[in-house]
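Asks: Order-wise, the sequence lines are chains V and F. The first sequence begins at 1 in my numbering and counts up by one. The second sequence begins at 1 in my numbering and counts up by one.
Take the hints with a grain of salt, since some may be wrong.
Sample of chain F residues lacking proximity to chain V, with all beta carbon distances greater than 12 Å (derived) [claimed, not checked]:
(1) ALA55
(2) GLU60
(3) GLU109
(4) ALA127
(5) GLY166
(6) ILE193
(7) ASP194
(8) GLN196
(9) VAL213
(10) ARG239
(11) GLN256
(12) SER274
Pair by pair, the computed Cβ-Cβ distance ranges are [stated by the list, open to error]:
(13) ARG102/F - GLY358/V: 49 to 59 Å
(14) ARG102/F - ASP353/V: 49 to 59 Å
(15) GLU330/V - LEU16/F: 52 to 62 Å
(16) GLY182/F - GLY266/V: 32 to 42 Å
Keep in mind the hints are simulated off the structure, nothing from the lab. For clarity, every value in this text was computed on a predicted model and none was experimentally measured. Here a beta-carbon is modelled for each residue, glycine too, at the ideal position from N, C-alpha and C.
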Amino acid sequence: MTEARFERYDRRDWSVALALALAYLALLLAGTKTLGYMRDEGFYVFAARALEAWFDRVQATGLEAFERASIDRYFEPIHEHPALMKLLFAASHRYLHDRWGIFAESGDAYRLPGMLLGSLAVSVIYLWGRQSLGRAGGAVAALSFAFMPRVFFHAHLAGLDVAVASMWLVTSFLYVQAFASRRVPLLVGLGVAYGLFLNTKHNAWLFPFALGLHLAVVRLVDWRRKTRRAGPFVPWAFVAVVVLGPLVLFLSWPWLWFDTTERVLGWFRFHLGHDYYNMEFLGRTYWKPPMPRLYAWVMTLGTVPLVTLALAGAGLFDTLRELVRGKEPERLVGDTSWLVGIAVSYAPWWSTDTPIFGGTKHWLTAYPFLCLLAGRGFVLVTRRVRPLLSEWKHADAVTLAGVALAVLVGPCVMALHAHPFGLSFYTPLVGGVPGAASLGLNRTFWGYTTGSLVADINERAPPHSAVYVHDTALQSWELLRADGRVRADLSGTLALHAAKLALYHHEPHMRRVEFETWVVFGTRSPVAMAVYDGVPVAWLYERPEVAAAREGGEE
Amino acid sequence: MQRLALLWLLVPAVGLVELGAQFWVSTRAPGVSQWRGLAKSVAPLKRPGEPVVVAPEWAEPLARLAFGDDAFPLAELARADDRSVPRVLEVAEGGARADRYRPWPVLSEERHGGFTLRVLRNPEYRAARYRFVEHVKPGELTVAVVAGGVERPCEYTDHARVTAGGLHGPVAFPSERFQCAGGDAMFVGATVIDDQDYAPRRCIWAHPPQNGVLRLRFSAVPLGAALHGFAGLSYFIYRDGVGTPVRLEAASSGRQLGASVHRDEAGWSGFDFSTTALAGQTADVEFSVSSADATRRDFCFSVEALE
């Protein structure tokens with residue numbers, strides 16, 4: 001049975017884990033300047049600004065800032081999502097941008113916590129993989145995750161999705177370490193981790209169900225194998241999660257300190273009865289149930305590099321075979337947690353009532369485990385391929401390096417190529433971006449591709465004019481302006497008739513906005529376009545009289 | 001065993017093949033400069049009344065960017081359907097085809113770099129003698145709200161405030177319109193709505209009044225064998241189908257030509273009224289629009305008098 005095994009890591013492992021995290025963080029930071037701001041980032045930044053004001057209040061009034069009036073006022077914005085990430089966004093901005101000037105752009109400071117959690121996930125995957133698969137397997141798993149194009153995109157953001165995937169991974173990792181343990185510090189750490197996981201996003205509600213399923217499978221296999229159980233039937237780790245987790249959530253999310261029952265129920269009600277937004281899938285726009293059952297699977301196939309899926313398939317084969325054979329009993333707890341992490345993350349999309357509006361981000365929590373399975377597949381493949389090279393010098397190294405390169409270069413190229421159009425990216429399996437457009441798969445959402453048109457906006461907009469921002473949240477537009485990426489004299493507007501330029505971010509149901517632009521501006525011809533692999537993603541209209549005046553002025 | 005081991009090489013092979021495929025798929029579609037380069041070849045082939053269609057359909061915005069408004073008049077881009085379109089100019093990337101036009105005979109075909117330009121003939125073409133949406137003008141149309149036997153004219157203006165509701169609001173309200181009493185939306189004018197495929201449809205906005213009927217009288221209409229029409233409300237806004245149906249009636253020379261009842265969930269839906277008895281004549285045509293409950297009845301219709 002698994003016992004806590006941190007001590008098995010040596011300095012080299014910690015160094016590799018740290019190097020992976022730092023390299024990933026550097027790569028993410030290098031890409032922020034070309035990436036516009038998502039709608040949700042605008043909203044979270046709005047909430048974070050309220051929390052920055054709360055920081056000031058804490059400093060000015062001390063304990064008074066923790067009284068109900070203050071908590072209600074500053075924690076109310078976007079209270080349908082818990083506080084942890086918003087507090088981190090706020091702290092990062094307040095200190096790393098405002099106070100210490102480490103980041104020149106507000107946006108980078110707000111995004112840093114999300115990037116750090118993405119980087120943390122990469123290192124934890126490596127460490128877990130190192131423990132279960134060896135260094136090469138761990139590294140392949142970690143890099144497969146880092147270079148999943150959609151993960152790479154979301155890891156840049158001041159958002160919750162990579163953060164919650166990271167928290168699920170970290171909590172699972174700790175749970176597996178603590179599964180048969182009675183070490184109080186480890187159990188407390190696990191409980192705290194789950195509390196913070198709960199305080200990240202509501203995906204955490206599924207985690208106890210995942211642990212229940214995990215426990216059932218482990219005990220069933222134990223019983224079948226007639227293994228002598230170490231520790232109680234229900235491990236202390238499980239108790240730590242369900243007892244300490246909610247307590248930590250309560251302590252770390254001040255919004256819940258008052259009207260606790262009503263606010264917890266409100267949190268549940270909001271997400272269990274979430275509005276249905278529009279999402280295009282295979283040429284049809286879904287906006288009410290029944291949602292297509294194939295959605296999650298087709299989108300996974302269309303956005304995750306095939307080679308990663310092939311490796312994960314090989315890993316799944318090896319894992320299921322081992323579950324049946326039981327030759328390596330120490331794998332049971334960990335491997336089962338990977339399978340359960342994937343199954344439970346995808347489970348809501350078996351229901352046709354589950355909204356699909358967020359695309360792949362909904363089941364991003366499955367991807368760390370998918371990549372650990374890919375690492376397992378990598379180990380299996382190299383083990384099987386190695387005999388073919390038995391007469392080569394350095395056959396082990398050649399096999400490892402050759403297979404690793406073959407399975408990682410593609411995802412790396414795809415992830416880098418996906419930037420800054422991450423939500424528009426599709427793999428060659430569906431014909432890439434043009435193939436996906438022909439299949440009628442969603443091309444973009446969240447209005448962030450304004451970031452790809454700022455140069456045209458800055459060049460064309462008359463002084464002190466308004467730009468119709470369409471799907472870009474006004475708060476996101478303000479971030480672009482605050483960062484100096486959009487001219488300071490330009491204002492964002494949702495009143496098309498008041499605008500001199502108009503943006504359009506393509507989704508079929510949004511086309512009516514483009515038709516409005518045709519009538520209001522009197523032109524059907526965009527003047528600039530964000531084109532990704534030959535596919536139009538977002539475009540810009542300019543009033544013909546504005547264009548004429550500008551061209552006249554240039555002459 | 002050796003052979004089985006070879007099978008495992010398929011996994012890294014998948015990685016290499018996928019890498020090659022990634023390079024191919026990411027470079028195969030033409031970019032903006034190639035589209036711009038095509039403009040000179042398209043211009044001589046583009047004839048008035050013969051719309052440009054693009055294959056694949058998602059590339060159409062690129063064509064609009066590259067070719068400009070002259071190649072995409074609003075009347076063609078947002079036409080009601082293809083019945084009165086004699087031919088289209090298909091601009092295709094590589095070997096792509098516009099599915100809707102596959103059955104149309106190819107009259108000519110030219111290759112220009114990575115593009116194919118095809119002129120296609122409509123096998124079911126019927127000439128339009130009159131398109132009502134092009135005659136929403138004083139002198140050709142009078143508009144009035146008729147209630148309780150009282151007729152209240154709607155005055156024409158060409159400088160009304162142009163507005164648009166964004167994603168969740170009303171469609172664009174044009175500056176040129178016959179404005180009726182009862183609020184900004186109570187007017188008759190040409191605009192564009194979205195159909196059930198979220199495609200553009202140019203039409204005559206005709207919001208019915210809460211009491212009575214909205215009456216549009218087009219003068220001196222050259223009639224043919226039929227009035228061919230479509231009606232709808234912005235599909236995105238009204239697709240729930242909870243609104244009260246809207247009734248459209250057509251009459252000419254004291255004769256009822258037909259009536260159509262529109263339900264929101266139907267989207268952009270068609271109707272045909274026979275005018276065989278009046279074919280060849282020029283006469284006034286009157287449309288009446290009404291609803292039992294006219295709350296948010298953002299009704300829009302398009303009619304052609306066909307040969």
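Asks: Should the hint that GLY182/F and GLY266/V are 32 to 42 Å apart at their CB atoms be regarded as holding?
Replies: Since GLY182/F and GLY266/V have Cβ atoms about 41 Å apart, the given range 32 to 42 Å holds.
Asks: Just checking, GLN196/F versus chain V, shortest CB gap more than 12 Å?
Replies: The claim is violated: GLN196/F sits with its nearest Cβ about 10 Å from chain V, within 12 Å.
Asks: Please verify that the nearest CB of chain V lies beyond 12 Å from VAL213/F's CB.
Replies: holds (26 Å)
Asks: Determine whether the non-interface label on GLY166/F survives the test: each CB of chain V must be over 12 Å from its CB.
Replies: Contrary to the label, GLY166/F does not stay out of reach of chain V, its closest Cβ about 6 Å off (not over 12 Å).
Asks: According to the definition I'm using, a residue is off the interface if its beta carbon is farther than 12 Å from all beta carbons of the partner; does ALA55/F meet that for chain V?
Replies: With a cut-off of 12 Å, ALA55/F comes too close to chain V, as the shortest Cβ separation is near 10 Å.
Asks: Hey, is GLU60/F genuinely clear of chain V, shortest beta carbon separation above 12 Å?
Replies: Incorrect as stated: the minimum Cβ-Cβ distance to chain V is 8 Å, not above 12 Å.
Asks: Beyond 12 Å from every Cβ of chain V: is that where the Cβ of ILE193/F lies?
Replies: Incorrect as stated: the minimum Cβ-Cβ distance to chain V is 7 Å, not above 12 Å.
Asks: A cut-off of 12 Å on Cβ-Cβ distance, and ALA127/F was said to be off the interface with chain V. Does that hold?
Replies: holds (25 Å)
Asks: Is it true that the C-beta distance of GLU330/V to LEU16/F lies inside 52 to 62 Å, as the hint says?
Replies: violated (34 Å)
Asks: Given a hint of 49 to 59 Å, does the C-beta separation of ARG102/F and GLY358/V actually sit inside it?
Replies: This hint is violated: roughly 36 Å between Cβ atoms.
Asks: Closest CB-CB distance from ARG239/F to chain V, is it above 12 Å?
Replies: violated (8 Å)
Asks: Taking 12 Å as the cut and beta carbons as the points, is GLU109/F off the interface with chain V?
Replies: It holds; GLU109/F is separated from chain V by about 21 Å at its closest Cβ, greater than 12 Å.
Consistency note: the structure conflicts with the earlier hints numbered 1, 2, 5, 6, 7, 8, 10, 13, 14 and 15.
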